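Q: If you want the building blocks of each chain, they are given just below.
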Amino acid sequence: MRTSIRRSRGTVAMVAAAALATGMLAGCASDSDDGSSDSGNGDGKGNITLTVGTFGVFGYKQAGLYDEYMKLHPDINIKENVTTRTDVYWPKVLTRLQAGSGADDIQAIEVGNITEAVQTQAAKFVDIGKDVDKSQWLDWKLAQATTQDGKTIGLGTDIGPMAVCYRKDLFAKAGLPTDRAKLAEQWKGDWSKYVDLGKQYMKKSPKGTKYVDSAASVYNASLGGSTERNYDKDGKVVWDKSQGVKDAWDDAMTVATSNMSAKLKQFDPTWDKGFANGSFATVACPAWMLGYIGEKAGDSGKGKWDVAAAPTASNWGGSFLGVPTESKHQKEAVALAKWLTAPEQQAKVFAKQASFPSTPSAYAGLKPQADTTAYFSDAPLTQIFSDAAKTIPAQPLGPKDKPIDTAISDIGILQVEQKGKSPAQGWDAASKEIKDVLGQ
Amino acid sequence: MTSKEALAHPASSAETAPGIPPGAVRGARGRGAPDGAPSWRSRLYRWDTKASPYAFVTPFFVLFGVFTLVPLLYTVWYSLHDVQLSALDHQSWTGLANYKNLLSSDFFWNALRNTFTIGVISTVPQLMAALWLAHMLNYKLRGSTVWRVVMLTPYATSVAAATLVFTLLYSWDGGMVNWILHFFGVDPVNWRESDWGSQFAVSSIVIWRWTGYNALIYLAAMQAIPADLYESAALDGANRRQQFWHVTIPQLRPTVLFTIVVSTIGATQLFGEPLLFGGVSGTKGGSEHQYQTLGLYMYDQGWIIGNLGKASAIAWTMFLVMLIIAAVNLLLTRWLRRSDDRG
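Protein sequences appear in the order of chains A and B. Here the first sequence stands for residues 1 to 440, where the numbers follow full-length UniProt numbering. Here the second sequence stands for residues 1 to 343, where the numbers follow full-length UniProt numbering.
Errors might be hidden in some of the hints.
[Stated by the list, open to error] What follows is a list of derived Cβ distance ranges for each label pair:
#1 B:Asp48 to A:Asn81: 44 to 54 Å
#2 B:Asp89 to A:Asp127: 47 to 57 Å
#3 A:Asn81 to B:Lys50: 43 to 53 Å
#4 B:Val120 to A:Asp127: 52 to 62 Å
#5 A:Leu438 to B:Val76: 19 to 29 Å
#6 B:Leu44 to A:Gly100: 22 to 32 Å
#7 A:Glu68 to B:Ser52: 54 to 64 Å
#8 A:Asp232 to B:Ala326: 20 to 30 Å
#9 A:Asp378 to B:Val120: 40 to 50 Å
#10 B:Leu73 to A:Gly100: 20 to 30 Å
Hints in this document: simulated from the structure, not taken from any laboratory. Quantities reported herein were computed from a predicted structural model and do not represent experimental measurements. We put the beta carbon where it would ideally sit given N, CA and C, even for glycine.
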């Protein structure tokens, strides 16, 4: 009895192993079949595989653009290499560019890194501006990717024009106007007016809610709308004298010291939970954030959120596509980058992902998803964001903008907001941090 | 004395095995070779005996050299230069400036202090809890395998998953820890931004992940203790507690020292937990760097700020710190042994 069981088990194992082996062989066989059929239609040229290095969610795959392009160009294969976090993605790209190997055929560059790329890596990128009609792009977007001697190293993908997303129902309970035009009128021109409305909100705030998600988000929004950030137009660091930084800092300090903030950190899990629980009534939202809000706030927020024009036209985020000179298929890569950033394709990405185009000619035909529009109370999203996009000020950027902004937001402002430090202490802490960042 | 014996025995047996390879015996016999000039075959044998062991260990050392030693030495070079991530080819000699910069930097001393305090509040409770758990599991229990597997699960969980859950548990607004504290009338603690709270929270993740692992090591060592030691102790009238203190603990001494050394090295390199606990811009380790460890500081300098020269200097300073700790450990061990021999 016992031996027979053992034997039958052995048989089973052998059969299983055999089945597995044949399965694997079959797998190999079918693979090679595919391979030969692919090379069949390449009319002797053979396939070219282009790799596209991106971070986060670019939406090209989601909008079916790669498939579409491969159908148009049967000899091209596209492979996307995605890194989730930008702060992991960019150091990797930098080292690969300088090593002269390992970079993808198309490399995405985030706006926070574009100046560093322009100032230090321009030689490693193809002058992609020669092959395109540069007037397609917003002037300031094009300028960000162009060196002083006129070489354009990247084509603009999306931009992040800002609006204010707010909870109509909470505003009504707090006795504030809920009409988007009226609100936009009320805070027009100055983020401090938007903050002032917060004081009014907090007087009658619905239980468990605050006016805004965080002081840092107000800082970011206000700074994005100023004409001066951390660098002047000659490329000198002037963050501590910059009017833009000063105004944004003051707005953020009012928020941090008057109990109107939910004291969350953006893109933390707790921030996501804040959307779901409805613990704050407004957030400064670039176009790409709409999908995020819908996802995190969930069905219960549907129709309660609305979108109003921001106090000043302000930009947050956006990217570029560049082709490294080390690419073995430069011509094909440039063609693909050109196609992906053309107005028609940018409109397709907007329809899927709400990433806002950097090419104004696309604005007339923009159609957001019906779900998104319904979620935000049928607000005229295209109108609001294109109006903002057209008036965003050109802002000189610098190579260390990112760490400087981080030091102000996540050191200076956070200390005041969450640790009860005085604004002066917060400013000192941020200054010290920035000195360390700049190696001064 | 007993503990030394326990250590010495397996060590000596391990030495004999590779010491006399099978080929040596055969080679020595010189099978079929005439006297005088050795045949090509015996020469081959002899060559085999001498070279094979080296050939076997070569792959490891080649890989070690390429991926560890060369980069390691390269960081020495980097640490003496001004190297920016965006301009790797433009290195300018700065001598010890990076190190001097560190010594005069508040951020560095803060990180060193944090590494030390988080190391202490995570390692000490962790090892004590592990010892206690191992002691409990050493008794005859129902379903002992199940308990052991359960103990090892935190270790098998990824740092990212564990930290994410802990971040939610410790969240200020609606986190479970604050919710429980509220029943004891404690005001909500801002776990991420408070000085001690954040260090405690980070330590708790480390403790959760590593206690089971250490407990299993202790358990294995406990089960290797001969039963007759306990029997004779019992005959002498020692109760379980006394047996634990006078039989188990002395027998475990080498194991305990091993876990202390390993945990200390782990604590010096602590990185993943505080990074992920900090969430966005986690490399800062809180708004006042209240839980920025040396590992985080190095990463922040190197990859976020892009100052690779300074980051390399931090790496070597960390190495130095570890050497100092190892030396202290060694001295402590010697001192313990000597006092043991005397007692």
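Q: Compare the structure with each hint and give your call.
A: How the hints compare with the structure:
Hint check: B:Asp48 to A:Asn81, Cβ distance near 47 Å, so the stated range 44 to 54 Å holds. Roughly 21 Å separates the CB atoms of B:Asp89 and A:Asp127, a value that falls outside the hinted 47 to 57 Å. Separated by about 48 Å at the C-beta atoms, A:Asn81 and B:Lys50 satisfy the suggested range of 43 to 53 Å. Between B:Val120 and A:Asp127 the beta carbons are some 56 Å apart, a value that agrees with the proposed interval 52 to 62 Å.
Between A:Leu438 and B:Val76, the C-beta spacing of about 25 Å keeps the proposed range 19 to 29 Å intact. A C-beta distance of roughly 46 Å is found between B:Leu44 and A:Gly100, which places it outside the suggested range of 22 to 32 Å. Evaluation of the 54 to 64 Å hint for A:Glu68 and B:Ser52 yields a pass: the beta carbon distance comes to about 59 Å. Judged by the Cβ atoms, the range 20 to 30 Å given for A:Asp232 and B:Ala326 is violated: they are separated by roughly 51 Å.
Range check, A:Asp378 to B:Val120: Cβ separation about 58 Å, and the 40 to 50 Å hint is violated. Restraint check, B:Leu73 to A:Gly100: a C-beta distance of roughly 22 Å satisfies the suggested window 20 to 30 Å.
Checked against the numbered hints above, the structure violates hints 2, 6, 8 and 9; every other hint is satisfied.
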